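Enquirer: Residue numbers (the working numbering), protein chains in the order written: chain A, 1 to 723; chain B, 1 to 325; chain C, 1 to 456.
Just so you know, not all the hints are guaranteed correct.
In silico lysine-lysine, DSSO-like type, Cα no more than 30 Å apart, as pairs [unchecked claim]:
#1 C:K2 to A:K494
#2 A:K212 to B:K230
#3 A:K334 to A:K557
#4 A:K557 to B:K62
#5 A:K212 to B:K84
#6 B:K230 to A:K557
#7 A:K661 to C:K121
#8 A:K295 to A:K334
I should point out that these hints are in silico values taken from the structure, not numbers from a laboratory. Note that the structure is a prediction, hence the values are computed from the model and not measured.
Chain by chain, the residues:
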Amino acid sequence: MLSRFAALCTRATLLLGAALLPGCSDGPWNNPNPESPPGLLTYQSVMSPLPPKHLDPALSYAADESLFLMQIYEPPMGYHYLKRPYELLPLGVEDFPLISYTNAAGEPVDPDTEAVAFSVYEMTVRADARYQPHPAFALDDQGNPRYRFTDPAAGRQYRQISDFPELGSRPVAANDYAYAIKRLADPFNASPMLGFMAQYIVGMEAFSERLKDIPRDGWVNLDQYRMDGLEVVDERTFRITIKGRYPQFSYWLAMHFFSPIAPEVDRFFHNPGFLDRNLTLDWWPVGSGPFMMVKNDPNSEIVLERNPNFREDYFPTEGAPGDAEQGRLADAGKRLPLIDRAVFRLEKEVLSLWTKFLQGYYDRSGESHGNTNRVFDQAFVVGPDGVELGAELAEHGITVAPDVKPAIYYYGFNMRDPVLGGYSEERRKLRRALQIAFDTEEYLNIFYKGNGIPAQSPIPPGIPGFVEGEAGINPYVYDWVDGAPQRKSIAHAKQLLAEAGYPNGRDARTGEPLKIFIDVQSQAISSTSMNWMDRAFGRIGVQVEYRPADWNRTREKLLTGNTQIFSHGWLADYPDPENFLFLLYGPESPLICQCDGANNASYERPEYDELFRQMRVLPPGTERDALVARMVELYREDAVWLFGYYPKDIYLNNPWVHNNKRHGISKNTLKYVRIDDELRERKREEWNQPVIWPLYAMSALLIALLLPGVIAYRRRLRATARQ
Amino acid sequence: MFAYIVRRLLYAIPILIGVNLLTFTLFFVVNSPDDMAASQLGDKYVTPEAIANWKQKNGYDKPLFLNSQAAGVGQVTDTIFFDKSVRLFAFDFGRSESGRDITTDVATRMWPSLAVALPTFLVGIGVNICVALMVVMFRGTRLDRGAVFVFVALMSISYLFYIIGGQFLVAKTWRLVPISGFHTEGQVWKFLVLPVLVGVVAGIGAGARWYRTLFLEEANQDYVRTARAKGCSELSILFRHILPNALIPILTGVVVLIPSLFMGSLLIESFFGIPGLGSYMLDAINSQDFAIVRSMVFIGSILYIVGLLLTDISYTWADPRVRLS
Amino acid sequence: MKPVLLWSDALIFLLVISLALFFWRLRHDPQTRERWAEVFSSRLGMVAFTIIAAYILVALLDSLHFRRALENPESLATQEVFYDNKVSSVFDVLTGGMGDRFERTYSAPFALLSFEKENIKDASGRDIRDFPPLRHAGQHLAHPDERTADILVKSVSALLWGLLLCALVITPQWLLLRGSALPWAASWLTQGVILCAGAWTVSISHHYHILGTDQGGADVLYQSLKGIRTGVLLGTLATLVMLPIAVTLGVMAGYFKGWVDDVVQYLYTTLSSIPGILLIAASVLLFQVYIDLNPDFFAVGMEKADAKFIALCFILGVTSWSTLCRLIRAETLKISQLGYVQAAHAFGVSHSRILGRHVLPNVVHIILITFVLDFSALVLAEAVLSYIGVGVDPSMGSWGNMINGARSELSREPTIWWTLTGAFFFMFILVLAANLFSDLVRDAFDPRTSLRRAEA
């Protein structure tokens, strides 16, 4: 009996122990990655912290979704990988768009005249652009689409794209680009671009109206309907007509919204019953880019593989100054992509993500911004002399390439606020005093590890209009001392505050302490940073109250102007100052446009608005630069934002990953990544030797616990017997 | 017996309606359909038309509970509540706000949850019973009191510490198993070792203490004294008399938990990156995906009711004197 | 100085007063006396009780809030007094300003230098990058090497003060209670240890950060101590708010039976069938919206955080009342079958009288047991809820928030372990004491010890 009991207990421990022992696997025990198919060079990465919601180029408007879309689709335009400032290049089309201008009657006119009513963009699709192999293109013997079902039962056996045995492909046609734009206009798709683009593309609004009344039962062939601003000239040439002049339109053409969509693919995904099995275009993108999606499991991973039909594309042979010296041109002239497969695994917990990266199971830190960076930027400090890595990281040979991304995070004042808002000299001084008191440099050092640059204007580095050096500082907040900007003193802030009618932070008339209210997003702020801000403003005697709320509530407050100080951020869609300065354009205020406007500070200054209207239609040049400089000056004079900073985007790279230069705008950089597989295997082996002694220690402990029990039991048994 | 089960199942219907009404009310006090649309559509350029569109497409363009515009029964049936909850009873959970089919997701995510929860449950019971039996052998001694103290101490540590500590030591410092993850190709077990271990260790305190109480209760019964008087050995008393009799409360106590194993564990799954129903729920809460929350509440309630039913049935099975009526 | 009475302050003091009255009334009841004597007759019970009492004392001291007056500048004509928007408590004063000594950012326990490099000027005025010295640690040392000796010396003097304190506190107790049969010595020993530790902590914290500092440079030990109030209040108030509902419904269901019973059973089955976490999350979000829509209700941020806290207590209470309700219903069913209750019925005694005289007093032990049992579960639940993001307000110190914040710190190199340690230690001690005590209470008050709870 005793043996049975003991056996039971030991068996349980043995089972546990056996589970812990290595047994069958070779390689490190803790490898969390599944075996990748032999012969395919696989890049291991992470999607974090949430899987993408939309992968339909017409629907998606999020950076982490764009990360996938831009590997799979090729929009008409793209960016040079290495060159800075950012340089636009033709990607899906042969050459830059041919722009011609016409007047209201449609007759060609000189671009510089007032008569310009329309701009026509003409583009020719690359001859070698072909779609990835996909069942939607598969044809049967009669040349009809192979997979077209009339009732849901017919296609029931297909649950994944990989379940379809027959595949096909075809070259990209001009009509596919037109079709994609029509999808943007289709109200049924509810594209986030519709409202904005309809302001520019001729006929988009009417097209959208027209389609509202079309009955929806399955697929609607958008080719049947005409959009005035779209013209398919021949198999490979198409034209887009936009209203007036809008030089930034070329930049929009580099976004995934304008990627070609084959109508037969759209038709394919509208097969009856496909929706119920998540077979949708929103889930399975089909494009002509360097990669194609082979697995999409939002619960665990997304897998991309090299598109065998990808056109001939080569690593650039020239880069920005310094790129050659830093070895960034080592792969110049090589055929792209340089890897065969990319796996993006879902990772939510920071400890796991970080540990796996350190163990070498992720090749580099996450692609997307947001939470990922908040983990990885804890790993190092950006000091004045560059990046300072921790000991373990340095030993691993991990490299860091921080790059300022064209984005700005800021806390803005509500310019209509009765206490802080307004344009009188007192109010400006009050806001400036607060600006000085908020020590942005210290804030970034403590909470972002120095991984950002204090903003002197709304325009980040790398964008025309950004001025470096002494000329570029905000003279109301900074002094130029010893070749570096230095924040003005607290004494100066106090003096400004006194001049504004709040000596020592107390209202000169009533004696009431000045209390400011900051609306924060509850997930985005920690109590430590609130404490820090309390102390920062406490130095000039100002009290702070926080009004945390979730994103929906915060958004509502911004739309109704029910806020005093709010936090916001803007990630550039394209590298043009217009994309930042419009954050202060009066008519963009949500209170004026009654829409989700971007000017949340409700900054209204007629001079600024007039300058903005002029600047928007000007081509780049000195004239435009002067306007931009004046607008920045107005912004500084009125002290519209409490503080702002340009975040830095980083890749932390394991030593076997090459070509890590980060592109601030373009996401289709995966094709440039190169991996040294041999080094990776070696390092992984080296870094992941398990520590065995705890196993022995645990077993010993278990025995030590069991043994006295057994002995004591035996003694007791004998004792009972003797009685 | 059969009639009893049918009656209990019918009784479940008003409960499920109540559950649904409650979640629905709670959720829509927090979130208007406009909010849902805005958060689903993303951050930039959300126009009122886009919101109206989304609402129409996803069936949120009706009144919540009462449609005063409709006539007759339509006042109640032509509403979001009726639309959305009637389907639940046919186990058609519809699509999540992000467009995924919830039934498919639940069906696939159930298995990883089970893969973790079931071993944790079984190994946990085994280990706890072993430990408790050992302690009961020494009842009344100093060893027993010491063991109970250790149990209480183990109970007093937050679950979060077990997880964080386990990950930090076993996976990060000792590199014995992957720190998190889950995939079915290849060796699934190596992802399960740590979560199961953490789950079992975290459960020892409370579990072993409970079993010990049960065993002690039986050990104080008259029949045990009689058996001892007859000269039965201590071991045979333990295994022949105490264990089988204590099994009744054990069985009825754990049966209620079995259905909920399908739901998985919120914390374990999200820390260990296991794509089960627990992390599904957590994500849904965080992204305020009402369709998923509603479905999971519904499933959870059904499982709970099934658990109660199973408990009743297990009573009759374990103790023939009990009759269900 | 202007006293501030937060809702939670009022509730906790109300609770303490009513508990005191309750026991005062019961002091002559021989049965109750006997049971309590049983609880306190073990040394373990004494120690556990003393620890819990110490935690409660800290929580009470930390619940005496006030706002400091701002000094009016001389230029100001008005005589009106204005107050700081930061709320302090008596406990803050007693810790000797432990929470006011901020560093720039992280620093390790007893460290003299910051945990992170910074641009500083060296002796010759050049810019270098090094670990800067802390502002509030070891300022008095001439040389860093003296630290260990200094800590020892300071500890000895602090302990002497502690012993003096012990003498002051324990002597009167000894004079009063020396004849008692209960093991008071165990309690005195615990009190002594706690007092000495307290004296040591306060005195050393003037010169060092005992548990280091967090990212914003705040003292971690102070934060852990602030977590005590949150933990204790949550553990008691959540049960307190659910008591009236659970008792009323449970007694009614068990006593009146029939449709009342059906309705109550329906209510608690429905509520308990919803996965608790989902219900709590939804309710917490709900209240958050209410606060957002009515920002003017609360003058200072602390009141807002406090309102959220009370709401959380309510929500936890409401979602967990079904267990108690079920137990009370069952007990009432049993009691109402008893002969003397039936007899009272027959004599036409009114319902309210039967309920008040016969039923209620006999379910009190169930309430008591639930109260002590739930306490530790609630303290633990707080940490989990904070992890999910539906816990107490981030501006309110709590162990859950500390753990939540410390998760990413563990992934740093070198690891920042002290935040987690601080939260772990204080939480563990409280929960352990509460668990031990509740065991004894249960053994004493529930002779059948048949109150089984499926541990989830």
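Enquirer: So, for every hint listed, does it hold in this structure?
Expert: Checked hints:
1. C:K2 to A:K494: At roughly 27 Å apart (the allowed maximum being 30 Å), A:K494 and C:K2 satisfy the hint.
2. A:K212 to B:K230: violated, 89 Å
3. A:K334 to A:K557: With a Cα-Cα distance of about 52 Å, the restraint between A:K334 and A:K557 is violated, given a limit of 30 Å.
4. A:K557 to B:K62: holds, 25 Å
5. A:K212 to B:K84: holds, 25 Å
6. B:K230 to A:K557: Cα-Cα ~80 Å, so violated.
7. A:K661 to C:K121: Roughly 34 Å separates the two Cα atoms, so the pair is violated.
8. A:K295 to A:K334: With a Cα-Cα distance of about 27 Å, the restraint between A:K295 and A:K334 holds, given a limit of 30 Å.
Violated hints for the displayed structure, listed by number in ascending order: 2, 3, 6, 7.
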